[in-house]
Amino acid sequence: MEQNLYRYIIKRSFWPQLFLIAVIFGVAALNPFMLDLKKRVLKMIIALDLNTALMLSAWFLGAVLVSGALKYVKQNMEGRIQETMLRNLRGDLYDRILRFPLAHVRNTPAGQLISMMIGEVEDLGQFFGEALSVPSFHGLMLLGSVGYMVYLNPLMALLALGLFPLQIWLIPKLQRRVSQLARDRVKAVRGVSDRIQESVGAIQEIYANDTVAFEASGFRSQLQKIFQIRIRIYNLKYLIKWINNFLEKLGYAFLLIIGGWLAITRPGSMDVASLVVFLEAYNQLNEPWRELINHFQQRENARVKYEQVIANFDPPGLRPEFPLEERVEEPVPELAGAYEMRAATVVVDGRTPILDRMQLSTPPQQRVAIVGSAGSGKSTLALVLAKLYGYTGSVLLDSMELAELPSAVAGRRIAFVGPDARTFTGTLLENLVYGLRHRPASGDGKANGGSAAGPEEWLDLAPLGASDRASLTAAVFDAARTVDLDTDLFFLGLRATIDPERKPEIAARLLTARRLVRERFRHEGGEAAVEFFDRDRFSSYASIAENVLFGYSGAAELSLDGLAGHEHFRRVIAEVGLEETLLTLGAAVARDMVEIFKDIPADHELFAEFSLITATELPEYARLVSQLERTAPDALPGEDRARLVTLALRLIPARHRLGQVDDAFMAKVVAARHRFAESLPPALARTFIPYDRERYFADGTLLDNILFGKMLATSSLAVKKINAMVEEVITANGLREVVMETGLDYHVGIAGSRLSPVQRQKVGLARALLKHPHILILDEALNAYESDRRVEMHQRLLQAMEGRTVIAVLERPDLAKHYDRVVVLDSGKVTETGTYDELSAREGLFHQLMVQAT
Amino acid sequence: MQSLERDVETLRNIPLFAGLPTARLKLIAYTAEIVRFEPGEVIVRQGAPADAAYIIVEGEAEVWITDTAGNNIRVATLGAHSLLGEVAILARSHRTATVQAKDPVVAFKISANVFLDLVRQCPDIGMQVMTVLAQRLERTAALLQQHDRR
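So the protein lines, in turn, are chains A and B.
Oh and the first sequence: position 677 is 677 in this note's numbering, straight run, nothing missing.
Oh and the second sequence: position 130 is 984 in this note's numbering, straight run, nothing missing.
Isolated chain B (complex conformation) (with noise of 0.2 Å):
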C-alpha cells in the first residue's frame, strides 16, 4: 500500500503546505484521517460546533450560508486541494457556513487539535493560514460590494 507516502505528495500539491518539511506534512498524513462523502452530503453543518478541518483530495463541494431570514445562499465551491473548516477552529466557535459535497468527496480530515497544534508550532502555516483567510475576507467584501449595487 505505502499510501502515507502518496498522502505526503497530495498535501505537498496544497499551496498551504507547500514549503513544510517531509516530517511534518507526514505527521499531517499519519494523523489525519481520509473520509469519504457522497454527493448531497453534509461535510459541515453551519452552527455545528467545530471538531476538524478538512482539505479536500478529490470531487467537488459547494458552501451554503443561511442567513437570518432563513435563506440558502451559495457562496462558493470548493474543488480539490481546498482547505476548509479551519476558520471555526481558530475562532474556537461554530461552523459558519455549510459545505455540501457535490460530487464523490473525498477528503482528509484534520483534527482541531492537530491543527491548531501545527498552527502553533510552524510559523509557516500560520502565515498561510492568515493569507488564506485575507484572501478569503478580500472575496467576501468584493462579493458584498456587488451584492449593494446591485
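In isolation and in its complexed conformation, chain A is listed as follows (with noise of 0.2 Å):
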C-alpha cells in the first residue's frame, strides 16, 4: 500500500481531482471577472447611464448563476471524492486483514483493528475530499481577489499586502502556542480522573491515615493547573482574534484614506467605484486565507494519522495478492499428499522454536495421526502442513514448495479443522457450503465500486460432481450424516415452519403423520408432556395471541405485532371485557422486560433469544414505563395502549412465566376466541382459518403440526419419548429429510451463538467433508464429541477419505489404532515414527503418553 498520503489520493482518485480542480479553476476565474462586473456597473450608476447598468447587472446575474452552479459541482464532487475514498481505502483495509498471516492476527486485537478501520479513517475521509481542493479553491481565489487588485491600482495593492507578511509570520506561531497548550490541557485533565478513580479505591486508607486534607488540596492543585491551561488558551485565543482584526481594518484604514485621497485629489488613477470594488477585494482575502492557514495544520495531522493507520496493516510476511486477482488454472491440480519435510522450522518471539529442524516424510493417501504432549509443536505442525503458517526450511508437498503452492490450489485441495471451528452468521447451509464459495460464475467478484456477485453465484458445485440443489442437498445430507450432525437438523427442522401452499404435498404428509402420532399417543400414553389444542381450553405454552386467534390468515393485518391496532380484534376484546386485562398484563410484562433487559447491551444474543421487546423497542417502552408511575394503563394514549396489548399478547405465560394469567384471565380468553371465529367480518372470514385437526396451519412449527399442540418443556424424561416417537413415525413416513432440509434454513445466531459447541464442531467438519478435499488436516477436531463416540467418529471419517491423505493431531494416543502411521512429537522434533502396533511395542515416549492417558 502507498506509505504517502497524497502518492495514495492521486494514484486512487486521479481523475475526478482533475476534474474537480478544473472546475475550481472555473470558479475561480469568475471571481476577477465578477468584481470588474461590479466596478462597472457601479460606475455606469454615477454617470447615470441606467440602460448600460443594467444590461451589466443582467450580465453580473448571469455570472452568479454560473459560479453558485459551478460551486455546487465542486462541493458535490468532494463529497463524492470523499466517499469514494472512504470505501475504497476501508475496501484496501479489509484485503489487508484478509492477507494478515495468521500469527499476526493471533496478536492483534481485533477491537484495534475495527476502531482504525472505522472510526480513525473517517477523519481522513473529509481529508481526501478537500486535499486538493482546498489549497487549489482557496489559493486561486487568493491570487484571483490579489491579481485584481494589482490590475485596479498596483500601489495600492502592495500597500494593503504589506500587512500580511507580518501576519503569515505572526498568526501561526500563537497558533502553535495554543494547539501545544490544548495537548497539555488533555494531559492533565487525565491526571485529574486517574486522581479521582485512585482516591475513590484507597478511600479506606485515606480514612485511615486522616490525609482528607492532604488529598483534597492536591486536587485542588491539579484543578487549578487546568484552569491556568484554559486562561491562557483564552488569553491567546483572543489576542489572535485580536491582532488579526487590528491588521485587517488597519489594512482597509489605510486603504480608505490612501484610496479616498487619490480619488478626491487625481481621479484619473481611482474613481470611486474602482475604491468600491477594490475593498471588496480586500475583504475577500480574509477568507481564503484563514481556510489555507487551517488546512494546512489539518494537513499534518492527516498525514500522521494515514501513516499510522498504514503501518499498522502492513505486517511483515503478508499472504500473496488476492486470490481473486489470481486465475484458477483448470481443473485444480490434484494433490496425492506426500509431505516431506527438511529441517522445517516455525520461531515466535523470534527465539521459541516451535518447530525445530524438523524432518518428516510421509508417503502419498496415508492416514497419518500425529501425538505428543502439550507444546511438543503438534498444532502448530498441522497448521504449516495446511499451509496456514510461515515457516522456514523446506516442506514439500508432492515434490512442490508449500510455500509455493498457489493458495487457490491449497483452499480447494486441503481442508483443515482445528479445535473450534468458526461459524459465521447465517443460515446452517450457508455455514456448511462455506467451503464452495469459489470464483463466482458471472464478474471478476471484485466487489470495489459497482455491485458485489450476489452470494447464490459464490458456490462452485465442481468438487461435488453436483449441478443443482437437490444433489447439493443430497451431498449436504451425506456429510451431515457422517458427522453425526443429520439428528441436530432433524430437531432444529422440527422448530422451524413451513409454507404449506408452497408444499402442499409435504403439509398432507405432516397431517399423515400428526394422525398416526396420535394413534401412537392413545396406545403409548405420554400425553401428559403435551398441551393438544382444544377450542375449549386455554393454553399456556402459546402465546396469548395464538390463543385469542386459535386459528391464522396470510393477512398482514393479523400478525403478531399489527394485531393490537386490528378493528375486528380490538371489539371483540372490549366485548368480553379482556382489554383491560390485557393493559394490566402488558404493563406487568413491560415493567419486568425493562427491568431485566435495560443494561443488556442492544446486540447482545439474550435480547434475539429471550427478549419480549427488541433492543429498537426498549426506548419506547422504558418511557410507557416511567410513565405508567404516573397514569393508569387505560387513561393512556391510544397508541401507547397498543403497545401494551401488543406486548400481552407476545406473552407464553408457561414459559415467560410473567404476569398474573390465573383462570378468571384465561376463560376470558376463551370468550374472545369464541367470539371471534363466531363474529368474522366477511373480507376476514375468506383468508381466516381456525385450528382444526384436520389441517395444516401454516403459523406453527412442523412439531407444532405433527402433535397438533405444544410440548410442554419442564419434564426431561416425557420430551425424549415424544421426540423419540415422532421422530420414529416421521422417518417410517420418509418424511426425515424434509425436515432435515428445513433444518437447513436454521440460522445459527451470531457467530454461531445459537449452536452448542458439539454443533460448531460438526459443521466445521461436515464443512470440510463437503469440499471433498485431497488431503484432510485435523487438530483435536473431534474433542467436543462425547469420549465414548470419538473413536466411531474417527473412522466414519477415515471412510469418508478413502484413498486420500488425512492428517490428524489426535486428542488422545489410544485413536492412533485407526490410522496407518503414527507421528511422535517432542520439543518441536520428531522423536518416533512407525505404525501403531510397532510404537506401543516399544517402550518410548508413544507408550509413555499411552500410560499417561490411562
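Honestly, the hints are just simulated from the structure, not real lab data.
Certain hints may be false.
List time: in silico DSS-like cross-link candidates among lysine-lysine, alpha-carbon distance up to 25 Å [stated by the list, open to error]:
{"hint": "1", "chain 1": "A", "residue 1": "Lys-225", "chain 2": "A", "residue 2": "Lys-187"}
{"hint": "2", "chain 1": "A", "residue 1": "Lys-720", "chain 2": "B", "residue 2": "Lys-956"}
{"hint": "3", "chain 1": "A", "residue 1": "Lys-721", "chain 2": "B", "residue 2": "Lys-956"}
{"hint": "4", "chain 1": "B", "residue 1": "Lys-963", "chain 2": "A", "residue 2": "Lys-598"}
{"hint": "5", "chain 1": "A", "residue 1": "Lys-305", "chain 2": "A", "residue 2": "Lys-11"}
{"hint": "6", "chain 1": "A", "residue 1": "Lys-720", "chain 2": "B", "residue 2": "Lys-963"}
{"hint": "7", "chain 1": "A", "residue 1": "Lys-241", "chain 2": "A", "residue 2": "Lys-173"}
{"hint": "8", "chain 1": "B", "residue 1": "Lys-963", "chain 2": "A", "residue 2": "Lys-721"}
Residues on chain B that point at chain A, a partial pick, calculated with CB under 10 Å [to be verified]:
{"hint": "9", "residue": "Ser-857"}
{"hint": "10", "residue": "Leu-858"}
{"hint": "11", "residue": "Thr-876"}
{"hint": "12", "residue": "Ala-883"}
{"hint": "13", "residue": "Thr-885"}
{"hint": "14", "residue": "Ile-888"}
{"hint": "15", "residue": "Arg-899"}
{"hint": "16", "residue": "Ala-902"}
{"hint": "17", "residue": "Ala-904"}
{"hint": "18", "residue": "Thr-922"}
{"hint": "19", "residue": "Lys-963"}
{"hint": "20", "residue": "Val-968"}
{"hint": "21", "residue": "Gln-975"}
All C-beta atoms in this analysis are idealised placements derived from N, C-alpha and C, irrespective of residue type, glycine included.
Grab the two chains, each in its own frame, and use the hints to assemble them into the complex.
Put into C-alpha cells, the structure is as follows:
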C-alpha cells in the first residue's frame, strides 16, 4: 500500500481530482470577472447611465448563476471523492486483514483493527475530499483577488498586502502555542480522572491515615493547573483574534485613507467605483487566508494518522495478493499428499522454536496420526501442513515447495479443521457450503465499486460432482450423516416452519404423521407431556395472541404486531372485557422486560433469544414504564395502549412466567377466541382458517403441526420419549429428509452462538468433508464429541476419506490405532514414527503417552 | 401465576446469587428453564458435552464418577440450592461426573451462554463461582487423602 498520503490520493482518485480542479479553476476565474462587472455597474450608476447599468447587472446575475452552479458541482464532487476514497480505503484495509499472516492475526486485538478501520479512517475521509480542492480553491481565490487588486492599482495593492507578512509570521506562531496548550490540557484532565479513581479506590487508606485534607488540597492544585491552562488558551485565542482583526482593519483604514485621497485628488488614477470594489476584493482575502492556514494545520494531522493506520496494516509476511486477482488453472491440480519436511522451523517471539528443524516424510494417501504432549508443536505442525502458517526450511508437498503452492489450490484441495471451527452468522446451509464459496460464475467478483456478486453465484459445485440444488442437498446430508449432524438438523427442522401453500404435498404428509402420532399416544400414553390444541381450553404454551386467534390468516393485519390495532380484534376484546386485563398484563410485562434488559447491550444474543421486546423498542417501552408510574394503563393515549396490548399478546405464560395469568383471565381469553371466530367480518372470513385437527396451520412449527399442540418443556424424560416417537413416525413416513432440509435454514446466530460447541464442531467437519478435499488435516477436531463416540467418529471420517490423505493431531493416543502411521512429537522434533503396533511394543515416548492417558 | 417473582426469591436463597441485584436475578430466572427429573433420571452424564448448568430447587441428586477401570464411585449428594454442571462450562470441556436424580428433582437449567455471560459481566458471581470451585477442590483433596490412608 502507498506509504505517502498524497500519492495514495492521486493513485486512487486521479481523474475525479482533475475534474474537481478544473471546476475550481472555473469558479476562481469567474471571481475577478464578477468584481470587474460590479465596478462597471457602479461606474454606470455614478454616470447615471441606467440602460448600460441594467445590462451589466444582467451579466452579473448570469455570472452569479454560473458560479453558483459550479460551486454546487464542486461541493458534490468533493463529497463524492471523500466517500469513494473512504470506501476504497476501507476495502483496501479489509483486503489486507484477509492477507495477514496467521501469527499476526492472533497477536492483534480485533477491536484495534475495528476502531482504526471505522473511526480513525472516517476523519481521513474528509481530508481526502479537501486535500487538493481546498488549497487550490482558496489559493486561486486569493490569487484572483490579489491579481485584480494589482490590476486596479498596483501601488495600493502593494500597500494592502504590506501587512500580510506580519500576519504570516505571527499568527501561526501563536496558533502553535495554543495547540501545545490544548495538548497539555488533555494530559492534565487525564491526570484528574486518574486521581479521582485512585481516591475512590483508596478511600479506606485515606480515612485510616486522616489524609483527607492532603488529598483535597492535592486535587485542588491539579484543578488549578487545568484552570490556568484554559485561561492561557483563552488569552491567546482572543489575542490572535484581536491581532488579526486589528491588522485587517488597519489595512482597510489605510486603503480608505489613501484610496479616498487618490479618488479626490487624482480621479484619473482611482475613481469611487474602483475604490469600492477594491475594498471588497480586500475583504475577500480574509476567508481563503484563514482556510489555508487551517488546511495546512490539518494536513499534518491527516498525514500522521494515515501513516499510523497504514503501518498497522502492513505486517511482515503478508500473504500474497488476493486469489481473486489470480485465475485458477483448470482443472485444479490433484494433490496426492506426500509431505517431505526438511529442517522445517517455526519460531515465535524471535527466539522460541515451536518446530525445531523438523524432519518428516509421509507417503501419499496415508492416514497419519500425530501425537505428543502439550507444547510438543503438534498444532503448529498441522497448521504448517495446511499452509496456514509460515516456516523456514523446506516443506515439500508432492515434491513442490508448499509456500509456493497457490492459495487457490491449497484452499480447494486441503481442508483443515481445528478444535474450535468458526461458524459465520447465517443459516446452517450457508455455513456448510462455506468451503465451496469460490469464483462466481459471472463477473470477476471484485466488490470494489459496483455491486458485489450475490452469495448464490459464489458457489462452486464442481468438487461435489453436483449440478443443482437437489444434488447439493444430498451431498450436504451425506456429510452431515458422517459427522452425526443429521439428528441435529432433524430436531432444528422440527422447530422451523414451512409454507403449506408452496409445499402442499409435504403438508399433507405431515398431517398423516399427525394422525399416526395420535394413534401412538392412544396406545402408549405420554399425553401428559403435550398440551393439545382444544377450542375450549387455554393453552399455556402458546402466546396470548395464538390463544385468542386460535387460527391464522395470511393477511398482514393479523400478524402478531398488527393485531392490537386490528378493528375486529379490538371490538372482540372490548366486548368480552379482555382489553383492560390485557393492558394490566402488558404493563406488568413491560415493567419486567425493561428492568431485565435495560443494561443488556443491544446486539447481545440474549435479546434475540429471550426478550419480548426488541432492542430498538426498549427506549419506547422504558418511557412507557416510567409514564405508568403516574398514569393508569387505561388512561394512556391509544398508541401506548396498543403497545401494551401488543406486548401482552406476545407472552407465552408457561415459558415466560411473567404477569398474572389466572383462571379468570384464561376464561376471558377463551371467550374472546369464540367470539372472534363467530363474528368474523366477511373480508376476513375468506382468509382466516381456525385451527383444525384435519388441517395444516402455516404459523406453527413442524412439531406443533405433528402434535397438534405444544410440547411441555418441563419434563425432560417425557420430552425425550415424545421426540423419539415423533422421529420414528416421521422416518417411517419418509419425511426425515424433508424435516432435515427445513433444518438447513436454521439461523445459527451471531458467530454460531445458537449452536452448542459440539454442533459447531460438527459443522466444521461437515464443511471440510463437503469440499471433497484431497488432504484432510485435523487438529483435535473431535474433542467436543462425547468421549465414547470418538473412536467411531474417527473411523467414519477415515472411511469418508478413503484413498485420500488424512493427517490428524489426536486428542488421545489410543485413537492412533485406526491410522496407518503414527508420528510422535516432542519439543518441536519428531522422536518416533511407525505403526501403532510397532510403537506400542517399544518402550518409547508413545508408550509413555499411552500410560499417562489411562 | 406470577411465578417469576417466586423463582427470583428461590434464587435469592442460593448463596451463590445472594448478593445480586434483583434485575440480575430476574434475568437469570427469566432465561432459565424449569426442568423436572424423575428418580433415577440422569441430569448430566460423564463425558457428554456441556450445554447448561443446573441449580437444584427441590429434591436430591447423586454425583457419580466412573474411573478408568470402569468402577462407579459416588462422590457426593447434592441437595436443594446446589449448583451443578458449571465446571464443564467454565473449562469448555465435557461433563466430569454423572449426576442422577435421587428423588423427583426440580431444577433451573441455565444455558451455557447465559451462565458464561453472567460470570463475565458480574465480577461478584465470578468470585462466588471461584469460591465454590475452590471449596470443592479442597473437599476432593481431603477425600483423596482419606482414600490413600485406607
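Results for each hint:
1. Lys-225(A) with Lys-187(A): This hinted pair holds, its Cα atoms lying about 11 Å apart.
2. Lys-720(A) with Lys-956(B): holds (19 Å)
3. Lys-721(A) with Lys-956(B): Holds, at about 20 Å.
4. Lys-963(B) with Lys-598(A): Cα-Cα ~23 Å, so holds.
5. Lys-305(A) with Lys-11(A): The given pair, whose Cα atoms are some 19 Å apart, holds under the 25 Å limit.
6. Lys-720(A) with Lys-963(B): holds (16 Å)
7. Lys-241(A) with Lys-173(A): holds (13 Å)
8. Lys-963(B) with Lys-721(A): holds (19 Å)
9. Ser-857: OK, holds: Ser-857(B) within 10 Å of chain A, min 4 Å.
10. Leu-858: holds (4 Å)
11. Thr-876: holds (8 Å)
12. Ala-883: Holds - the Cβ of Ala-883(B) comes within 10 Å of chain A, reaching about 8 Å at its closest.
13. Thr-885: Status holds, d = 5 Å.
14. Ile-888: holds (6 Å)
15. Arg-899: holds (8 Å)
16. Ala-902: holds (5 Å)
17. Ala-904: holds (8 Å)
18. Thr-922: Holds, because the Cβ-Cβ distance from Thr-922(B) to chain A comes to roughly 5 Å (cut-off 10 Å).
19. Lys-963: holds (9 Å)
20. Val-968: Holds, about 7 Å.
21. Gln-975: Interface hint status for Gln-975(B): holds (9 Å vs cutoff 10 Å).
Violated hints for the displayed structure: none, as all numbered hints are satisfied.
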